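Heads up: the sequence lines are chains A and B, in that order. Just so you know, we're using the working numbering here: the first sequence kicks off at 1 and counts up by one. Just so you know, we're using the working numbering here: the second sequence kicks off at 1 and counts up by one.
In case anyone wonders, no lab produced these hints; they're calculated from the structure. Since this is a predicted model, take the numbers as computed values, not measurements. Every residue gets a Cβ at the ideal spot worked out from N, C-alpha and C, and that includes glycine. A hint or two may mislead.
[To be verified] Covered, in the sense of this in silico footprint (three residues per stretch, anywhere, with C-beta under 8 angstroms from a C-beta of chain A), are these stretches of chain B:
1) 68-77
2) 317-325
[As the list claims (entries may be wrong)] Partial selection, computed: residues in chain A whose CB lies under 10 angstroms from chain B:
3) Asp-33
4) Asp-104
5) Val-201
6) Leu-216
7) Glu-231
8) Ala-235
9) Lys-242
10) Pro-260
11) Asn-264
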Amino acid sequence: MKKLVATTALALCATAGTAMAQDIGACLITKTDTNPFFVKMREGAEAKAAELGVTLNSYAGKIDGDHETQVAAIETCIANGAKGILLTASDTSSIVPAVQQARDAGLVVIALDTPLEPIDAADMTFATDNFLAGELIGQWAAATLGDEAANAKIAMLDLAVSQPSVGVLRDQGFLQGFGIDLGDPNKWGDEEDPRIVGNDVTQGNEEGGRRAMENLLATDPEINVVYTINEPAAAGAYEALKAIGRENDVLIVSVDGGCPGVQNVKDGVIGATSQQYPLLMASKGIEAIVAWANDGTKPENTPGKDFFDTGVALVTDKPADGVESIDTAEGNELCWG
Amino acid sequence: MSQSDNYEASASSAPSEVASFDGHGKSLVDRFQHLLHTTPALVPLIVLVISIIVFGITLGSRFFSPFALTLILQQVQIVGIVAAAQSLVILTAGIDLSVGAIAVISSVIMGQFTFRYGLPVSVSIFCGLTVGTAIGALNGWLVARVKLPPFIVTLGMWQIVLAANFLYSANETIRSQDIAEQAPLLQLMGAKFSIGGAVFTFGVVFMLVLVLILAYVLRHTAWGRHVYAVGDDPEAAELSGVNVKGVLISVYALAGLICAFAGWALIGRIGSVSPTSGQLLNIESITAVVIGGISLFGGRGSILGTFFGALIVGVFTLGLRLAGADAQWTYLLIGTLIIAAVAVDQWIRKVAA
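Using the sequences provided together with the hints, build the complete structure.
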């Protein structure tokens, strides 16, 4: 009987709590709803929304780059009277007018993962510091090579010829971490260090990774360090190296920290990867919307940066001196599907 | 309204040489045009040879080595196989935008059936090939029986299949290492052997054999001639007793099967089963077909041309990368090639006019 009363009381509290927060509506708009990174992001947002009693509507583009659907989703959110939007923009500058419209209507707009252009077009950006993510793997590669770093032959496997900001930041971060002079830090490919064999693009998948690696190996078969934009590209590069029997004497480094990627670090396919935390980005985002709805406060930048840094960790089983890292067991616990 | 009416007059006054085949003062250009018209694969072959020579001279042994040249074959194998399927469809005056999606879902089925349901690998591969064929046959049925335009049917099918692919696989990659350990047969097409410095994979061999078989079938079997006839003029073909609907359905189904094989080759090429691969295969295959000189209006061109078209793209891609050019130049030149190919096609057509 006691138990029943307790449960009823609990249920009542929960209902009251929910009823109170029912007024808060939030939207999550991702590039696609199929990429595991965004799937994880949605899980994070849904869990936090359920916990805080926020009504969450999720939208996604049909494919990466589907700008129109995202604009329509923003309009839907405004019409729905939502308090805030979490957005991973496909087209970081074209989306700005739609975002402005939402902000004018009194919504807080938080960019997740991908900064808008300009970055202050959104109220706040919750993202990985992609430059730092690159810098960590660059430092790790240089430290692992030791004195040989001076004679390294580096292949740069980038995302796309359009040089999207996420790809540029990781690439340039890696070079800086490795100790290579950057040309214009806003673009890759203009460095003059002879240690760089070349850049090629992968579209961030296995097929592109393999082709790009083959192309660069044909330019210089002595390549011994491979930077890759993400872990699928790294897996493709590994296949190309395996085809010529060089899979064991080349260092591959990457960024993302998805579960298959961490597994590849464990198996020695990838030397080290920088892990990002999409779940955290989304849950922090929901909290920020609730805070905005309750008392109109907006989240603050991480000191010294123009966005809120959700953190990054280097995952490797071969720690290098002077570079902080976690091992694959820990990386596996934190990885996203 | 002149020639036929004045036939008597012109016939009596005309010199007798008019009737003879070569006597009309044909210039070298005319003869060349005629040769190109009768041998549709010749234009891409010439372009291919010239581009190999140019890159060979400028890049030397880095490019002109058995290793680099066979690397091009490896890089174009997937596009080459899919473009063979695309050729069949385009010969019937159709187009198939769903080829890449069919290839990818077939590879995903081969992988997921093995790893998710624990089926024997050979059964999974068979299921993948069957699904590919079935999707192709459905395309064909909608085109032939329901009389929907191929562009619309395959535009829809592309999205349906791709969405099904992502939903079914949850966009999860099956890792290369797991496949090598538990289901090496899936990577069969990636197995390689070398002759001298030249490296071939089973996938490359499959592409070469497929192209040769299709070239023979299209030229020397009744079914092959029917494909051309349906593409050229379906009503005339119908009247001459060709089972137009049957031919169309069989062409789309065969294209689906070939795409499924491309999906299998894709696993061999990239090691893993990745639902995000092959997104541009439809455009890349159409590019190869167009550069290869097959008319988008159907009924003209040869599968060998498509093969050369795929190789031209491969030669340009690797050559320009070796030369250190920005990847944008590759797209720019391939775009130019596409337009040039259609222009040449129109010029050749004048000979038939």
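Going through the earlier hints one by one, which of them does the structure break, listed in rising order? The structure conflicts with hint 4 only, although it agrees with all the remaining ones.
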